[in-house]
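Visitor: Please model the entire structure based on the sequences and the hints provided.
2 protein chains.
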Amino acid sequence: MPGPLHGIKVIDLTRVLAGPFCTMTLADLGAEIIKIEKPGTGDDSRAFGPHLHGESAYFMSINRGKKSLTLDLKAEKGREIFLKLVKDADVVVENFKPGVMKKLGLDYAALQKINPKLIYCASSGFGQTGPYSSRPAYDLIIQGMGGLMSITGPDASQPTKVGSSIADIFAGVFSAIGILSALYNRTHTGKGQMVDVAMLDCMVAILENAIARFTGSGIDPVPIGNRHPSIAPFTSVRTSDGYINIACGNDALWLKLCEIIERPDLATDKRYESNRSRCDHMPDLLPQLNEAMHKQSSAYWLKKLEEGHVPAGPINSISQVLSDPQVLARNMLLELAHPVAGLVKVPGSPVKLSDTPAEVKAPAPVLGQHNDEILASLGYSVQQIEGFRAEAVI
Amino acid sequence: MPGPLHGIKVIDLTRVLAGPFCTMTLADLGAEIIKIEKPGTGDDSRAFGPHLHGESAYFMSINRGKKSLTLDLKAEKGREIFLKLVKDADVVVENFKPGVMKKLGLDYAALQKINPKLIYCASSGFGQTGPYSSRPAYDLIIQGMGGLMSITGPDASQPTKVGSSIADIFAGVFSAIGILSALYNRTHTGKGQMVDVAMLDCMVAILENAIARFTGSGIDPVPIGNRHPSIAPFTSVRTSDGYINIACGNDALWLKLCEIIERPDLATDKRYESNRSRCDHMPDLLPQLNEAMHKQSSAYWLKKLEEGHVPAGPINSISQVLSDPQVLARNMLLELAHPVAGLVKVPGSPVKLSDTPAEVKAPAPVLGQHNDEILASLGYSVQQIEGFRAEAVI
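Those protein sequences? They're chains A and B, same order as listed. 215 is the number that numbering that gives the first Met the number 0 gives to position 216 of the first sequence; each next residue is one higher, with no gaps. 290 is the number that numbering that gives the first Met the number 0 gives to position 291 of the second sequence; each next residue is one higher, with no gaps.
Rather than coming from a laboratory, the hints here were simulated on the basis of the structure. Heads up, some of the hints might be wrong.
What the hints assert, rightly or not - With a straight-line cut-off of 20 Å between C-alpha atoms, the simulated DMTMM-like cross-links for lysine to aspartate or glutamate are:
no. : chain 1 : residue 1 : chain 2 : residue 2
1   : B       : Lys112    : A       : Asp354
2   : A       : Lys344    : B       : Asp219
3   : A       : Lys96     : B       : Glu305
4   : B       : Lys116    : A       : Asp354
5   : B       : Lys344    : A       : Glu54
6   : B       : Lys96     : A       : Glu305
7   : A       : Lys303    : A       : Asp279
8   : A       : Lys190    : B       : Asp354
9   : A       : Lys112    : B       : Asp354
10  : A       : Lys116    : B       : Asp354
Guide: Spelled out as structure tokens, the structure:
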């Protein structure tokens, strides 16, 4: 069964993470992705370690299911090939710094003229407009500027970056949302349009209750560790071999927790009798929970808490996630047979569709793997393709 | 200009965050959202503080642009009204625990029979299948189980939760992606389908280089603070009044940094001569950067670094984000006039479309605000609507 985007052709100029995450999402949903890479070196992330038999594990994880065409967009023949591809495409995605595509004469205004049905998505750090538009952007810089670091961390003195590149990834998924809604709209209007997604905008969009807390109180929220601002105990607790998370959403669960950890004194302590008072007294309550739960292992407590129906969960390491029965049952870990690297593990698609399921069809391409196939489909002869190769156009 | 989803009708049974974030995204893109709430109390998040004139700032921020219909789905007349709505709808979204809708006789199998074009999206903690499917889920629990906490934090001893509810929010955006791709697919097939999105799956999908690093090395990644695993210095540095982020992606930028912070000794130190050696020696390099930059304020360094073209940025608090010129220029902060709460600030949509722009059309509804309008449109008379009210069906 082909995916929901079967028949959609995407010309993909993206590099590293934000753009490639977007086109990976579209690939999983069935679109054909023609990834255009710089001849010789390709996507910068092909150089990012660790490498398996010379192929970047990082590159392979976010470029599965795409085709690779090397193309020098600055060469006249390279431009010509690109424009032929665009003429017949549904979507172009790029994540260059704003202005680069215009300099190449390949911005939306130019491409729209040769293909009015084209949807053109530009993903960038700050967006195509505004005073910072032309600045370079990195995930760390954007996480800091966007406010997320100011509310993440053990305490107010340690603003903390999220461990994965969340600013890039959100730009990728919101780009996919923009492209999909423009594709849907095109079925009525017959016309394409431009989608402009900024990493910084995405960070603002996901601040969640932090904006509400600030506008309600006028006080800037700060990192408060792993606890909930208004429910307690709803936090990480130390055990003899690590940490677990517990989530007591009401008084009954709190009393049950006191029973399980054999601390009846806490259950009758006036300071902890209501959710409100437990929130207020978390600074003295948390050390007592840590002390009580430090006596046994995470596995011990998780079993006890599950039996007592107190919501709890482990803080899994990556290897534990990758062997978790639920993760495996949901097909969230795939093994792809890569022609050079061998078996490669990549995460599956989290979009589970009943009739046209998302599917990872192929491993990531080696650089220029689909040059001959794609150029032949555009009508170029074997001799012409050899010529492009000799001139380093591809 | 109407949004790209103009004409799409969504029946929204969602509560709290993951589901409401999904339908907010669809609302911003122009869909009509009929939010069905429990008579009397409504969405649980209406009770979450802080409140402005009695209306929850939290609820208002993620329910803008929706209509509210109160409906008791357990009452026979409530079910009848719901089924009337579904008959004419494009999408149903719910984020109940798996099994709840089946118990109500309102699962996809049942609704599909009365409307084969319906797209039914279920967003849950663990998904509709697999051994943990029926477990309750909270953002904290899922961030821990999904591995993100194991790679976030100042160091290996402090696994850290992301400050916003990223597991819920990712489930919301991937649900939107599933719905949009199913809507597009329906334009060919005329048929709807089911979308099943799990918070845990979403966490696995965004682990990014952590999976690649683990599968490449066999070693579980741990939190490494704010620094980059393989580029240095690419980290937060302490100043006299806070922290800033710096991102030196190559040797030239590193040498420029040494000049700006007036530490020529670091530039000639053998330990820091290449990116590789700087990564290896970050434990002794970072304290020296902190020491040098602690002598001046964040604003001082940001100006100097910008002049020297060294990528850098502030760690903004929420109030700083909300007054940032770029954020304002991108319309990422909107003020909505709420009938009860007055002016309410909410983030804008990060999906910027050129022809059919996303747009926030209205503030969040008060509970049951659209009861009369929606029920009248289904053909119920004023008397019947009064009857529903008297019987607490609405």
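Visitor: A separate judgement is required for each hint: does it hold in the structure or not?
Guide: Here is what the structure says about each hint:
1. Distance check on the hinted pair: Lys112/B and Asp354/A sit about 15 Å apart at the alpha-carbon level, within 20 Å; holds.
2. Proximity of Lys344/A to Asp219/B is assessed by CA-CA distance (about 15 Å); at most 20 Å being required, the pair is judged to hold.
3. Pair hint Lys96/A plus Glu305/B holds up; C-alpha atoms about 17 Å apart against a cutoff of 20 Å.
4. Using a Cα cut-off of 20 Å, the hinted pair Lys116/B and Asp354/A holds, with the two alpha carbons roughly 12 Å apart.
5. Simply put, Lys344/B and Glu54/A have alpha-carbon atoms about 47 Å apart, too far for the 20 Å limit, and the pair is violated.
6. Of the pairs offered as hints, the one joining Lys96/B and Glu305/A holds, with about 17 Å between alpha carbons and a cut-off of 20 Å not exceeded.
7. Restraint check for Lys303/A and Asp279/A: the C-alpha separation of about 27 Å exceeds 20 Å, so the hint is violated.
8. Annotation: proposed proximity of Lys190/A to Asp354/B holds, straight-line Cα distance about 9 Å (limit 20 Å).
9. With a C-alpha separation of about 15 Å, the suggested pairing of Lys112/A with Asp354/B holds against the 20 Å cut-off.
10. Restraint check for Lys116/A and Asp354/B: the C-alpha separation of about 12 Å stays at or below 20 Å, so the hint holds.
In terms of the numbered hints stated before, the structure departs from hints 5, 7, listed from lowest to highest.
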